[in-house]
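Peer 1: Now for the letters of each chain:
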Amino acid sequence: MAMYMRSLPEAPATLAAPPAPPPPPAPVAADAGARAAAAAALSGAALLAACGGASELPAGFERRAQARTDKTVLGVAAVPAPAAASAAPAAPGVPMASAAPGDVPTASALMDWAERVYSGFFPEHQADQVWAPYTYRLYSNGNAVGVAEGRVYVLGPLVGQSEVPVDVGSLVEFGPLVGASRWAYDDLQAARFLGHATLGATDADIVAVRALGYEAWLALQFAAAPSSGNWDWLVARGVDKDPDAANVAKFVDSQVWQRLIAAPDSLRQRVALALSEVFVVGFDGISGPWKQFKLAAYWDLLASHAFGNFRTLLEAVTLSPAMGNYLNTVGNQKEDPATGRLPDENYAREVMQLFTIGLHELGADGSQRLDAAGNPVETYTQDMVTQLARVFTGWNYDGARSSGNPELMRKPLVLNAAQHSTLAVSFLGTTIAAGTDGKAALTQALDTLFAHANVGPFIGRQLIQRLTTSNPSPGYVSRVAAAFANNGAGVRGDLAAVVKAVLLDDEARSHVGLGHSDFGKLREPLLRLLQWARSFKASSRTGDWNLGNLSDPSTRLGQSPQRSPSVFNWFRPGYVPAGTAMATDGLVAPEFQIANETSVAGWLNFMLSMSSARHADVLPDYTSELALAGDPAALVARVEKLLCAGQLQADARQLVVDAVASIANTGSGPTNRVYTAVMLVMAAPDYLVQR
Amino acid sequence: MHLNRLPDLARRAFLRRGALLGVAGAAAPWAMNLSLIGQAAAAGSPTDYKALVCVFLYGGNDYGNTLVPVDNTHHAQYAAIRGTLATPQSQLQATTLTPLSALPDGFVYALAPQLSALKPLWDNQRLAVQLNVGPLMQPTTLAQYNARSVPLPPKLFSHNDQQSVWQSDLPEGALSGWGGRIGDLMLADNGGSVFTCISVTGNAVYLTGQSAVQYQMGTSGAVAIQGITRALNGSGSAQQALRSLITASRPAHRFAAEYTRITRRSIDAEAQVSAALAALPALNTSFDGSSQLAQQLQMVARMIAARSAFGVGRQVFMVSLGGFDLHDNLAENHPGLLSQVGNALAAFHDATVELGVVDAVTAFTASDFGRTLSINGDGSDHGWGGHQFVLGGAVKGKRFYGTPPAVAINGPDDVGQGRLLPTTSVDQFGATLASWFGVAESDLASVVPRVGHFSPQKIGFV
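Protein chains in written order, with the working numbering: chain W, 1 to 691; chain V, 1001 to 1462.
Derived by calculation from the structure, the hints in this document are not laboratory data. Small disclaimer: the values here were computed from a predicted structure and weren't measured. Careful, some of the hints might be misleading.
Said to hold, decoys possible - FRET-style restraints, in silico, Cβ to Cβ:
1) W/ASP244 with V/ALA1231: 39 to 45 Å
2) W/ASP552 with V/SER1308: 29 to 35 Å
3) V/GLN1226 with W/SER140: 56 to 62 Å
The beta-carbon is built from N, C-alpha and C at its ideal position, and this holds for glycine as well.
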C-alpha cells in the first residue's frame, strides 16, 4: 500500500504545485536576504554583464575551489542530519519511510523548488543552462544558482555579491527540503502536517505519515468512508425515543463533541469543522423540536460531503432542514401583490455573500478586481438579491414537524409549487424564465453560482485560512483556486483536490513558513481543545462527552461547535484587529476577533482545569507522558511535538523544562510534571500561533 | 496606580507625537503612553467627568415596529404595508410620544409597547429620538441614489460591513472606530489610561483608535488568571514560569507578539479592576439578571461608579445585544428584544441618577441598518436608515431630530421596499455626541471624517 518515492521526477504530474509558477513574488520568501537581493538587483545585473551576458557561466562559479560554505542561505542548516531524519520507527506492517537518503533531487528539481520556495531570491522561472560541470540558472535580479558535482552553489546579491560561490549544501542534503511537500523528513515535520490536516496528532498518525508520505496518507483519508454519524450516535442512545428530548435539546452539544474528539476520520472531521465555519448554522438561530437531530444531521451532511463536490454540497446545504430553518428558506413564500409581501431575502443574500462568491469580483489569486477608476467591483446588487430570493420560495419541511420523531430533521426540504414564485429571476448575468418550476429554478440558480469565477478563490482562501495560514500569498490562493477549477481530471469543485492543494502547497509544507513572521494563524480555541483531546487520547467517563456549550469566554473555551452567535461565524475571514501591527501591515487575523482580555484569561483557566484532569467527564490519558516524567526535557519535547510540532522557541522551551524539573518527581510529582508540561506548552504564545 | 494628568500645552504636544507615532503608538499604546507621560509634569485632577455609551443592536433593528406612526393617516399607511406584522393602533396609546415641538405632516409616533420603560424618560426630557439616521458619504437624494451619481457607503445591506461602517466610517477591515478616535483625543487627559475605551461586549472596531485601544471585560468583571495567582499544579516555580511564558515579548512573530500584548493588558488591568469593583457599594438599581444587555449596562454603571480609582475623566463604553436580524419570526422575537432594550436603558438611566452622574452620561443606540418596511410574510429584510435613541441628563429630550420618512414602499424617502434613504448621517450623529463629550470643533473631522460634507454638522440633541 505504501508508495515509495525513489527519485523526484523533473515535472511531477502529481505534485500539488503546478509546474510553471507565476512570476509575482510571494510574500513567503525568506527573510532579509530577499530584501537585500531586491535592493542590489542593479549591481547584480552589472556583474552578469561584465561576464559577457546571460549565456556565459558567471565568473564566480568558476572559482568553485575557493567556495565558502553557508548552509543557512537556502535552509539546509535547519534540516536534521540524514541519519536521524530517516530513523522513523516502523509501525507493524507499514513499510519504512521513503524519505531515505536515496531520494536525491535532480539539479532541475532543486532549482524549480528554489524558485517556488525562495521566490524573493529567484523571482521568475528561468531555463536550465549547462556549462560543465554546472547546470545553472540566472535571474533578473542578478542572483544565480548552480549545481556542480552534486553540490549547490549560489552567487549574487543574496550572498552579498560574493566573488566566490557560496556552497549552500549538497543535493543529498536538499532532498528533505525539496521533498518537503511530499513527505515528512522527521517526526516534527509529520506532526506539523498533522497539525494542518487533522484535529490532533497521535503517535500512530506520525508513524503513518512518515511511512506513507503525504499523498498516500491523504489518499487513504479521502478513500475511507465517513465515520459513523452524529445522528446514529443519538439514536444509539435512544434520544429519538426520549419524549423530553424533542423539546429540551439534550445532547445537542454532545453529538458533535463525540465526533470531533473520537471519530477516526480526523481529516474529514477537520474539513467538516472548516465547512461548518463557512456554511454556518448555529443553535441560537434554529427553532422547533429536535434541535439536536437537526444539528446532528447537518454535521453528518458536512462530513459526508467534505471530500465530494462543492456543487453537491451547496445543494445539500440549501435543502437541509438546518440551513433551511437558520436562513429562512423553510416556509419562504412567493410574492403577494395584494399585500405587498415579498420573498424572504436572507438565504439569497447569504448564499452569495458567504457561501459562494462574496461581495466583490476576485482574480484567481483572491485579490479584488478593480474597475477603470480603481474601485472594487461588486459581484451582485440589492436587486439581484431581491430577485434571487424568488428561487428559494416554496420549500418546506417534508412533513409536519412533530415531537413524535425527528426523522423530518434530516429529510431534504421539498417543494410546494403553489408557494413558489412564478416571476422571472435575473441575477449574475443569468435569467431564469418566468414560470420555471422550483426544482429547475434551484438547479439553474445553484449552477450559476457554482460557475462563477469567484468561487475557487473565495472558498479556497477560506479553507487555507482554516487549515494552514491566515494570510496566504496570492500564489498560494491561485494554486488552490486552480485545483477547485480543475482537479486534474477536468472536474470543477472537487473538494478533495482542493484540500490536497491546501495541505501540500509549498507554502504550507516548506520550512520557510516556520521562520516567517507573516505565516501561520492563531489557533482557534476549538482546535486547541480538540488537538489536546486527540493527542492525549481523551475519553468520556459517561460516554456522553459532556463538554456542553463552551461558548462563554470568561469561564470556558470561548467557542463551541454549532454555537456560532451568527451566520458570520466566530470570526470573519477578513477580520483585522484594529490598532495592531497586523493592521498597519495589511494582514488579517481572523481568530483574533475572539481574542481579548477576557478570553485570553478564560482560556488559561479553562485549560488549567482540562489539562489537569479536573473535568467531570472528559479526561486525558497521559500514560505515554508519565513514562517520561523522569526526564523533563524528553517529556516537554514529546508534548511539544504532539501539540505544536516543536515550535516553541528556545527561551520558552527552557522555561517549561525548568518549571517541570522544579517539581519533585515523587508521589504525585510525576503526574504534576505532566500536567504542568501540558499546561505550560498550551499557554505559550509560540504554541498558540500555529505554523 | 496613580495616573498623571497633562497640562494643556503638553497635551497638544502629546497628541502631535501620538499622531506621528502611528503604528508604533498603536502597537504598544500602554507602555508608550506611560513613557510619554513621564515627560510631562503632573497636573491637577479632572474637573468634570463624562461618559458615552454605545448600545449596538446587532443584526439590523426593524425601525418599522420600533417607532410606530400612530396618527390615523400614517398608521393606516403603516398597517397596510405591514399587514399581519403591524402593531394595532390601540396597543400604541400608552406609549404615544408627545414632543415639545410637533412634527410636520401631522406625524405622531409611539414607541413599540415593549419600550414602555422609555416613556417616562421621554416625558422627563431625557430621551430624544433621532429619525432616519444611517451611513452617508454626503447628502444624498433619491434621484442621486438611483443614478448612482454620488458616492455611496460601501457594501450597503451587508451586516458585517454596515456594522463596521456605523462604527468606523469604513467597511470590515477598518483600522479604527469613531469611539476610539474620540478616545485618542481624551487619552492624554486620562493620563493614557487603558480604561478610556471599554467594551463590555465582544471585539468591535468602534472603540479602537490610533492610540486608544479597547479594553474588553465581561459582565462579571475582569477575569483573573488562576495559574499565576496561586501555585500551578502545586508548584510555585511553575506558577512563575507561566507568568513569564505568557508575558515574555515575542518579536519573532506578529501574531504571538499581539497575543502577548493582550495578555499583559489583561493581567495589568485585572488587579485594578477587581479591586475597584470590590470596593464599590452595591447599586440599589436593579438590572434584569436574565438580560445580557442589562448585565452589560450594569457593569458599565459600576465602572462609572469606580471611575476615581482609574483616574479618568472621559470614558467611552460599548455594549450590545444581538438577534435583531429578523427575516422571520419578527412578531415572536422583536418584542422580547425591544423589551430588553427599553428596560435595560431605563435601569441604566436610573443607575446614573443613583450615582449622581445622570447629566454626565449619554447613551445612544446604533444598529447595522434599519430594515425594509415591506414584509416577507413573517419578517423584514435588510435596510439602511433607521431610528435611534439618545438618553441622558444632558440630552435635550422629548424631541424628535431629523425628518420623519414617508410611510411608503418605493416612496420618496426609500430606495425600494421601504428601505430608508437616511436624511441624517452617522457623521452628524457622531459629531453631536463627540462635541458634547468635549471634542473641539476643529477635531470633529478627525473623529467622523465626512462630517464636513453635511450641514449642520451637529444636530443638537445633546
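Peer 1: Identify every previously stated hint that the structure contradicts and give their numbers, smallest first.
Peer 2: Those not satisfied: there are none.
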